[in-house]
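Now that you have both chains on their own, put them together as the hints suggest.
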Amino acid sequence: MSLHRRAATRRKVVLMAVAAALLLVWVFPLIWAVIVSFKSESDVLAYPPTVFFEPIGRNYEDALFGDFSILDSLATSAIVSVSTTVLTIVLAVPAAYAFARLKLPAKKSIGFYTLATQMVPPVGLVIPYFLILNKVSMLDTYTGMIIVYLTFSLPFAIWLMVSYMEDIPFEMEEAAFLDKATRWQTLWHIIIPQVRGGIAVTVIFVFLNAWNEFLFAVQLGGNTVRPVTVAMYNFVSVEQTLWAKLSAAALIAMLPVVIIGIAAQKQIVKGLTIGAVKGGGRR
Amino acid sequence: MSHKPNSSGRARSGLVTRRDILKTTLAGATSLAAPGLMIGRAHAAGEYMDLASFQGAGINWRMAEGEKITIAVIPAGYFNNLETVLPDFVTLTGVEARLEMIPPGQIRQKAVLDLSSKTGTYASHAADPMYYELYVANGWIDPLDDYLGDDKLTDAAWFDYEDIQPGHRGATSVDGRPYGIPYDGEATIQIYRKDVYDAKGIAPAETLDEYRANAEAVHDPDNRLWGCALRGFRGAGQNMYIYPSIFRSFGGEWFDGERVVVDSPEALAALEYYVSLLNAYAPAGVENWNWPDIADAFSQGTLGSYIDAHGSAAVVANPEKSKVVGNIGFARWPKGPSGKRVTSIWNWSFPINGALSEKQKQATWLFAQWAGSKEVQVATTYNYPGAYKRTGANRASLWKDAKFLELMSGFGHNYVEAATESFANDTDPDWRPRLPQWPAVGDTMATAIQSALVGQATPAAALKDAQEKIDKILKG
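Sequence lines, in order, name chains C and L. Letter by letter, the first sequence follows residues 7 to 289 of the numbering used here. Letter by letter, the second sequence follows residues -15 to 460 of the numbering used here.
For reference, chain L alone in the conformation it holds in the complex (with noise of 0.2 Å):
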């Protein structure tokens, strides 16, 4: 699979200039006198980024020279601008590198079966954080924070580990142990529409009952506008994406002791009212719509709100799909009745393959460490020679980097102050249970959620019969 940024900038012309002969020779006799010399020399500059800056940092780049490792990733445009600029890991360390798209359905089976047969196939994959409960219960993968803090492996300074948005790196820690890098994630921001708002003089919602109340103001669906939309699809993914912000915002908690509870008050007041909001105001199949459904939606006009991924903006304030741009408004999530207001702490990250040899085990991390360092951040994002710019960068400063906020402040209003906020003060790393059975419990609220939105069951029938199914996973 290729992929090429759209820039003309990059592209090669075919004509072999004198110079560039020259430089070849010289090169070529360069190597011949001093083969030592060469290599600094030729990768003096990346093809995307400057190698000077990687190089600054106190390790040896090339202790892993000549491996070869294939990283797992989904089909997504932030991974496309990975593979795009992953030529100039290849020249910095030696390792061949590739990365192999896998469908984002298929993904987590591919890489349980991987770690779980210790086959190695897989140096890395786009790791979802809630698997590493699993990955770490198994031993199928290293602690980080033994390679973060063997000062020949990693730079610390130069790394700043710390710079990685909390969330994400809560997320990816098991027990306060670190087990992945992350390379993309996301906050859950509210999105509306600003002229409908302001044209019905409403201000975004500050409380989940303020956001039922617009929902009523703006909807119309005489004239297809409906209120609001959330995720209901059924997945570990998909309705229990949402789900689980407005469960903690109503104050609910996963885990009473060890046992997981699902069928607590708080559980049934937050699907009580993500059911009654849906059903209200949302349009007609809103149970078999995903994230992508609801951004078309919104961006053909039909929907005053949504509450999902902050990356979704990217969607909607496109002008070659949407009739909404330059209406677009965002907000922070808004608060439950427990004051909390929490979004999702999703992000994709790259942990290392216990079953890999150690000299892998080394290139896996300099990959890891390549991929979250502020550099490459940077040459996904604003630097991206195409036309697709990652919304996710991983890091806090790029979210106050002028350059990257310049690039975001685009989307619409507010878009850079709810997304920042968010970061800062909404991500909760037990937004979902975790634990090593996840996968199993996930499916089994996704299917409890469904059921209670389409009215085969009451909401705490639901429950009830999730709650025994949940006890009966995790008896084992």
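Just chain C, with the same shape it has in the complex (with noise of 0.2 Å):
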């Protein structure tokens, strides 16, 4: 007995180790960027490193309000990701719906297509879009930066949201419809509460594409359009990498998205689990 119990503790023990060790592979880097970003330049590279060091608030100063202030571009990438991810769910929730409950034709085509845009590696749209936003006037505006993202986040809402939407029993809409709801009532009061979680979900990975997206950001921004992502290039000169002031700027970028993620995370892992167990099933 105690022979199994011991083969037990040692099991967990190494679990707990191996567990710990690849999860440390992930957060070490940010660990270091944490460091690195009070450290002064000249620490930042010293070896062997200083492990006790006089922790400095310049670099966060300097990303905020030195010479190549972040503050702006915060703003920046706020507007974007934000509009995008509003408007994202606001098409593609009733988009959803349709696809998971309306009897509409052609409907396996269009949901294949709708996911076939996003079989485009983003390189090879690059230069299309450019030319589009450039022939109606909307390079470097967050108009065209909007509609950008929303040709990426739009397929990738409905896909998520369509199988939220389906694994609510037909059963509930079935009892509105008797007492004589409308579609939209349906899918403002029954369907919208229950796939709560899984609009969680879409809304933080829609806003973390917006909020992280370097690629488009950089072509077809410019001096009005440009997001923290591009900003923080700045640190990254040909001259020299200002690692300190580029890990700090980078742990404020970050921010953001991690307060949302503590927001969203029991709706988050509800939705998770939802969309995992097939219960309700097409029908």
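Everything labelled a hint here was simulated from the structure, so no lab data went into it. Among the hints, a few may not be true.
Claimed, not checked - Derived pair list, reagent style DSSO-like, types lysine-lysine, alpha-carbon separation capped at 30 Å:
hint: 1; chain 1: L; residue 1: Lys343; chain 2: C; residue 2: Lys141
hint: 2; chain 1: C; residue 1: Lys141; chain 2: L; residue 2: Lys102
hint: 3; chain 1: L; residue 1: Lys324; chain 2: C; residue 2: Lys141
As the list claims (entries may be wrong) - Far from chain L, some chain C residues (derived; all Cβ distances over 10 Å):
hint: 4; residue: Lys18
hint: 5; residue: Ala52
hint: 6; residue: Leu97
hint: 7; residue: Val132
hint: 8; residue: Phe162
hint: 9; residue: Leu261
hint: 10; residue: Ala269
hint: 11; residue: Val275
Stated by the list, open to error - Okay, the calculated bits of chain L under chain C, using three or more residues with CB under 8 Å as the criterion:
hint: 12; stretch: 81 to 93
hint: 13; stretch: 98 to 111
hint: 14; stretch: 270 to 280
hint: 15; stretch: 283 to 294
All figures in this text were calculated on a predicted structure; none of them were measured in a lab. Quick reminder that beta carbons are idealized off the backbone N, C-alpha and C, glycines included.
Next comes the structure, spelled out in structure tokens:
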């Protein structure tokens, strides 16, 4: 019996150690960035690494208010990401509902083509987007950038939301229809409360993608629309990399995502598990 | 993006003095009475430069007044300085010019996209000299001899194009015609630890063999001092920046008629030198090092020497970052077996986008001429009010200017001599193979060099593979 228990304990310890080791691989860069962001540029590269040092706040000050202030870019990122997220959800929820519930002609192929737009590597889209935006004079504008972001966030969101909607038992809607509810009322009062978790997950992913996007931002933006991912690059000049300031800027840029993540955590966990259990299925 | 010089002298006080009000009122009155006069009056003095020295040029600086141009540049100290003094250009010309900072990794694609689609988004951009063949082959940019030779557009005596470093002029010309005005450029030099070399009783290398011997003499990894380092990271501007110099100094020729040859015996000898040198005396991981990494290591005192752009002196001699200030020496590139020293001709220059309207082209030419002029070079180097002083002045006359040399001599032993002689004698416009397909050729070579460095392929196999790929690329 004790042998058994000892084996179980050992198993646990080994599992924990493996988990910790794996986790460290992912977390280490983050830890490193946090430490570096409080060091002076000359301490960053010191060898052996300085473990005890006087933490300084200057890097954060410089990142926010210095020569390469990222403040304006944070605002730009916020405008672009929030607009993209809101528009995506507003459009994706009814669209997903339609795919999940309505009898549409050619539903299968429409569904496929919605997702097919995601099969083109983004690099292949940069040039067409550039030319189109240039034609309609929307290069380096918020409208242009948000429309471009919608082109990849929307299919993704629809596809994600469909799977959540399909999980809702049809009987719930039937009850509403018997009470003479319209489609929109059903969607609003029955479906949306049921897929709250799914919406939260979608919001996070869409926001995260828009916030961290770089390729389109750098090619289609400019001095007016210059998200934080592009602005951060100013700390990596051809002459030198200002590691401490770059880390500080990166951590500041992470903050909104982390906050939203924490705020929506409960919903996300719920949303992920709902999505994983296939009970209702398509009818 | 705002960029301000750090000097308190430039800070504007918020207080309005009686004299300010008087001045404003007077200017207002004058402008009402004689609008034509006001322009001359109000712009007599620029914020950073005396505009009179520009107006001395026999051209009408206001020929393109009211035009709007955007110029793409990269985030770098030398362009920040240019951005700071840019308001003087606006004052002088009435052209609304603005700089847009694009990360170095993306500026080339963005420029090519703009030029090839003829959108005219960027009137000019900080151009990579290796891209001129591509631009010219497609007719995307204007030849500048038309502008330089037109006395309405250029005062030849005032601008003095011939004063621009010969290597940089060569690098921005195609078939003898100029296509870009160099703004900032560099020469490649040896940078070494004078204290360590002195203690060992060795002098900076005159030849590549001596460079290896020096690396061996100071190599002491147990005490965290490695013999040397060169750019090892894969990229047309990384390892394919340093290898071409070695290749050329081994006597290598890129072209055999129309064909690009990268697997000649000279190429093999050069690559073997590079690989064996770095494997023996460079720190582990050098295959991922670009030049900032090398300069950082040198600043930490862990490198005996390296060979790179003369501008890196500003980093390794910066007391805020470097532990070796006061112990740095400089020398020219060592000679290769062919007896040649070959430095890069790297520079950032401004071409004129061919898709612009005539008026915009004039505005862009005024900008290029202004940025390349001696006055702006002075205003962004030793006269710059901020902390960062450029080292990449584009003009030979500046490298004879006592004030500029005084600034440069602060970097360490023999710096001015090494840089001046390199600019004068060691630059080689054929340092890298100049052809429209350079982007693809450069990448192919970069991959080959790195695979040899990390031992994935022997130097001979790597070059043979690269040759086959390049043959295919050029066949189209």
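Results of checking the hints against the structure:
A hinted pair counts as satisfied when its Cα atoms are at most 30 Å apart, and lysine 343 (chain L) with lysine 141 (chain C) qualifies at roughly 22 Å. At roughly 11 Å between alpha-carbon atoms, lysine 141 (chain C) and lysine 102 (chain L) fall within 30 Å of each other, so this suggested pair holds. Using a Cα cut-off of 30 Å, the hinted pair lysine 324 (chain L) and lysine 141 (chain C) is violated, with the two alpha carbons roughly 51 Å apart. With 10 Å as the threshold on Cβ separation, the claim that lysine 18 (chain C) sits away from chain L holds: the shortest Cβ distance comes to roughly 37 Å.
With a least beta-carbon separation of about 7 Å from chain L, alanine 52 (chain C) fails to lie farther than 10 Å from that chain, contradicting its non-interface assignment. With a least beta-carbon separation of about 29 Å from chain L, leucine 97 (chain C) lies farther than 10 Å from that chain, consistent with its non-interface assignment. Interface exclusion of valine 132 (chain C) from chain L breaks down, the closest Cβ pair being 8 Å apart, not more than 10 Å. No beta-carbon of chain L comes within 10 Å of the beta-carbon of phenylalanine 162 (chain C); the shortest separation is about 25 Å.
The beta carbon of leucine 261 (chain C) sits about 21 Å from the closest Cβ of chain L, which is more than 10 Å, so the claim that it is off the interface holds. Listed as outside the interface, alanine 269 (chain C) is consistent with that label: its C-beta sits roughly 31 Å from the nearest C-beta of chain L, beyond the 10 Å cut-off. Distance to chain L confirms valine 275 (chain C) as a non-interface residue, since its nearest Cβ pair spans about 37 Å, more than 10 Å. For a cut-off of 8 Å, the count of residues in the stretch 81 to 93 of chain L with a CB near a CB of chain C stands at 8, and the three-residue condition holds.
Under a criterion of three residues with beta carbons nearer than 8 Å to beta carbons of chain C, the stated coverage of the stretch 98 to 111 of chain L is upheld, 3 such residues being counted. Counting residues of the stretch 270 to 280 of chain L whose CB lies closer than 8 Å to any CB of chain C gives 3, so the stated coverage by that chain holds, three being the minimum. As drawn, the stretch 283 to 294 of chain L meets chain C at 3 residues by the rule of a beta-carbon pair under 8 Å; at three or more, the given contact holds.
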